[in-house]
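Engineer: Following the hints, position chains B and C against chain A.
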Amino acid sequence: MNFKGADILSSKQFNRGDIEAVLKMAGKALPYASKKKFGDLLKGKLLATLFYEPSTRTRLSFETAMIRLGGSVVSSVGTQGSSVAKGETLYDTGKMISTYADVIAIRHNEDNSADEMAHGSSVPVINAGDGCREHPTQALLDIFTIQQELGKVDGLKVAMVGDLKYGRTVHSLSEMLSHFNVKLTFVSPPELKMPEGVCRFLKEKNVPFTETVEFADSIKDADVVYMTRIQQERFAKKKDYEKHRNVYVLTSELIKEKNPKMLILHPLPRVWEITKDVDELPGAAYFRQAKSGLAVRMALLMMVLGKSF
Amino acid sequence: MNFKGADILSSKQFNRGDIEAVLKMAGKALPYASKKKFGDLLKGKLLATLFYEPSTRTRLSFETAMIRLGGSVVSSVGTQGSSVAKGETLYDTGKMISTYADVIAIRHNEDNSADEMAHGSSVPVINAGDGCREHPTQALLDIFTIQQELGKVDGLKVAMVGDLKYGRTVHSLSEMLSHFNVKLTFVSPPELKMPEGVCRFLKEKNVPFTETVEFADSIKDADVVYMTRIQQERFAKKKDYEKHRNVYVLTSELIKEKNPKMLILHPLPRVWEITKDVDELPGAAYFRQAKSGLAVRMALLMMVLGKSF
Amino acid sequence: MNFKGADILSSKQFNRGDIEAVLKMAGKALPYASKKKFGDLLKGKLLATLFYEPSTRTRLSFETAMIRLGGSVVSSVGTQGSSVAKGETLYDTGKMISTYADVIAIRHNEDNSADEMAHGSSVPVINAGDGCREHPTQALLDIFTIQQELGKVDGLKVAMVGDLKYGRTVHSLSEMLSHFNVKLTFVSPPELKMPEGVCRFLKEKNVPFTETVEFADSIKDADVVYMTRIQQERFAKKKDYEKHRNVYVLTSELIKEKNPKMLILHPLPRVWEITKDVDELPGAAYFRQAKSGLAVRMALLMMVLGKSF
Chain A
108 MNFKGADILS
118 SKQFNRGDIE
128 AVLKMAGKAL
138 PYASKKKFGD
148 LLKGKLLATL
158 FYEPSTRTRL
168 SFETAMIRLG
178 GSVVSSVGTQ
188 GSSVAKGETL
198 YDTGKMISTY
208 ADVIAIRHNE
218 DNSADEMAHG
228 SSVPVINAGD
238 GCREHPTQAL
248 LDIFTIQQEL
258 GKVDGLKVAM
268 VGDLKYGRTV
278 HSLSEMLSHF
288 NVKLTFVSPP
298 ELKMPEGVCR
308 FLKEKNVPFT
318 ETVEFADSIK
328 DADVVYMTRI
338 QQERFAKKKD
348 YEKHRNVYVL
358 TSELIKEKNP
368 KMLILHPLPR
378 VWEITKDVDE
388 LPGAAYFRQA
398 KSGLAVRMAL
408 LMMVLGKSF
Chain B
108 MNFKGADILS
118 SKQFNRGDIE
128 AVLKMAGKAL
138 PYASKKKFGD
148 LLKGKLLATL
158 FYEPSTRTRL
168 SFETAMIRLG
178 GSVVSSVGTQ
188 GSSVAKGETL
198 YDTGKMISTY
208 ADVIAIRHNE
218 DNSADEMAHG
228 SSVPVINAGD
238 GCREHPTQAL
248 LDIFTIQQEL
258 GKVDGLKVAM
268 VGDLKYGRTV
278 HSLSEMLSHF
288 NVKLTFVSPP
298 ELKMPEGVCR
308 FLKEKNVPFT
318 ETVEFADSIK
328 DADVVYMTRI
338 QQERFAKKKD
348 YEKHRNVYVL
358 TSELIKEKNP
368 KMLILHPLPR
378 VWEITKDVDE
388 LPGAAYFRQA
398 KSGLAVRMAL
408 LMMVLGKSF
Chain C
108 MNFKGADILS
118 SKQFNRGDIE
128 AVLKMAGKAL
138 PYASKKKFGD
148 LLKGKLLATL
158 FYEPSTRTRL
168 SFETAMIRLG
178 GSVVSSVGTQ
188 GSSVAKGETL
198 YDTGKMISTY
208 ADVIAIRHNE
218 DNSADEMAHG
228 SSVPVINAGD
238 GCREHPTQAL
248 LDIFTIQQEL
258 GKVDGLKVAM
268 VGDLKYGRTV
278 HSLSEMLSHF
288 NVKLTFVSPP
298 ELKMPEGVCR
308 FLKEKNVPFT
318 ETVEFADSIK
328 DADVVYMTRI
338 QQERFAKKKD
348 YEKHRNVYVL
358 TSELIKEKNP
368 KMLILHPLPR
378 VWEITKDVDE
388 LPGAAYFRQA
398 KSGLAVRMAL
408 LMMVLGKSF
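Heads up: the sequence lines are chains A, B and C, in that order. Here the first sequence is numbered in our numbering, starting from 108 and rising by one per residue. Here the second sequence is numbered in our numbering, starting from 108 and rising by one per residue. Here the third sequence is numbered in our numbering, starting from 108 and rising by one per residue.
If we strip away everything but chain A, and leave its shape as in the complex, we get (with noise of 0.2 Å):
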């Protein structure tokens, strides 16, 4: 991919070159998103974050990126007062926002609605996060963070556990992970496996995965576990969501008699799905992955508007 000028809008865009190549950017970045350089590389370069579903994580990460590459930022959160709500396509707010700013971030409910913008925009547009269907950025920064936490992608046994049907960041991240030499492990109620169409694309790339509802057992010998959040509105009876509460939780006494090694990552917001005491082992890089999420970012940033370190 000729990543300036380019939307991104799917993980389903990147091949296995285009990833590394937002790796190596993403680690030359890594200084600014530590707070070690403050750069004027985007100076003179304006950011619209355009997030129609409020995310303030993913938006101050776009935002921070931005601003600590030397950038600007507009911004505007909901739908309340945007054109959209008065009927406008976000077709035709693309090719308005894209008169304003130099590179434009999406968040929005609807699958499909940051391809939408892009028909519209002059300017690249990255999709922050669409419906139930992608998240790019955050699969990127999930990828770098294992990199970087393990020195490699390949070779790796990954767990996904948790929400894995209405989690987009899973279904964008198994997507990416295709591209390399892994092994996963899909753990979730039955009410929320992996959806059939992920499925079947990894079974199209030969891609190994098993399905299974153990959680303890599962995580053993995987060498990265990543958690989501599961939340209770996605069950009809209370019951059941009270039943998987008490079992697809890792507590620092599990990991130290199942896995100690294991990476442990997190799109965050966690709430009981990992226990606080889990926060001091060297393997929980959860908070980590917030600074994998700026450099990605930056480097995302950087590669649009056509910028190198």
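Mixed in with the good hints there might be a few duds.
Because identical chains share one entry, a pair is satisfied inside a single copy or across any pair of copies.
Stated by the list, open to error - Straight-line C-alpha distance at most 27 Å; calculated DSS-like pairs for lysine-lysine:
| no. | residue 1 | residue 2 |
| --- | --- | --- |
| 1 | K327 | K368 |
| 2 | K272 | K119 |
| 3 | K300 | K193 |
| 4 | K345 | K193 |
Everything labelled a hint here was simulated from the structure, so no lab data went into it.
Structural biologist: Quick look at chains B and C alone, frame taken from chain A:
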């Protein structure tokens, strides 16, 4: 008008010389609005955007204008948590915010709110739309667009179409066009006619205008067709809305049949009143208006802050 | 207190030397707060304003302080879309946001929320108001205003009037004034008396104070009258509210009759408790407090970031 330190509250405060001064300055701002230049002309200056009534389009236009000239922005959207929600007058808010900022842009759903804030403020206040009454920067950018597209304003026939009763942009535009040698046609459903006050003003100024409900024929010899959005909530009966919805629609077919050379403007957002196939026509200037808007707002910010290019 | 890297959570953490250090630094910040200078002293530093309870006035004060010293800002208002709304602890949010920002200002409607965030954060956290308990930067700016207006704090008689029960500004101010040689008078309806905890604290510190419901006579010999807003929702019966509403009102007539030289402060917004005719009196310092607020917040940002003018 001496622009330095002035409040920009109403289209009525502009005489022809004032409008021409803004157009001239906006012309100089175009390279910045077109992303060809990024300046530091307003470095050290702070704009506060206070949008009690949210409007993403207008707010981001002001903020982009400020930032691309090197200035900074603080912003508040909605009324929740604002001092006004706690019972403060806009006069007091103006006194307080002018301690922080060098210039204020206010949007509010009540008539004269910008005037009240300006009364308290010790720094220039720009009205970014208040009530159904005024939206002077929109009118200036409309005229600037006409001048950019057609090379002149004098001698033109301008048709305004749609909701002329509640659409504040057409009120401000009519008043500002009264300083030019133009002929106006007001095309609207009977329920949404241009208010008596605007018509009286135009008569006093000897501006020739006609009013009609006929859409298709009235655009035949117009140099400029200014379309606006018709909202269902303006009609007591849904049936009446539906009736007009089928009539006040600009299509490429209609344009080609009636008047292929017309310049088409729209304050945006556009919903159904201009079909998407029109976008490709050379006269479809409504997305180019966004760039004009940046240039005009840059010009006004520079002028009230006593700066020049 | 060693300010560099410190959290500013409570007025209780300040001794007299600390307060004087802030006042001294605020004095140096005044040219920046007065728009006479625009600095780049905090260039490359990023402030995150996290206002779970919206407060435009306080948020824009912090943001303006940061920007006018050359720093940058990212911001989140309300709880919608925040990780906290998804069940995240403020501890986790602190851990995450401190990856992005160099300093955090938090406003929250629950007591001790700033402390919880500071516990997780690796960068300084400034309490911009939490629950009914603390608002330390407001207390500092109140004292700075007194010093600027009257040249001293020791030896003064300070009357606090209105809602002393829920008004967190008067709690923090009383505690900070305990380090000075002052006499306090608390004037309030019986329903809104100063909380027992604050009174006990003052007794322990041997700060002389009296409590009264009499308004007009108690301001006779006060050097400083600190007015606060009385809200209807604090009273079970509307009748009780109406009764007080007619009494706790500062008018220019009352001032001229009782004590023309008093200095009048108010944390703002002011509603009916100070009539507009008072604004013109020389002692009406409540709008000048906004400038003091900028200076004090600039001082604190500089100090916790280890910078000096």
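Engineer: Going back to the hint list, which numbers does this structure go against?
Structural biologist: none
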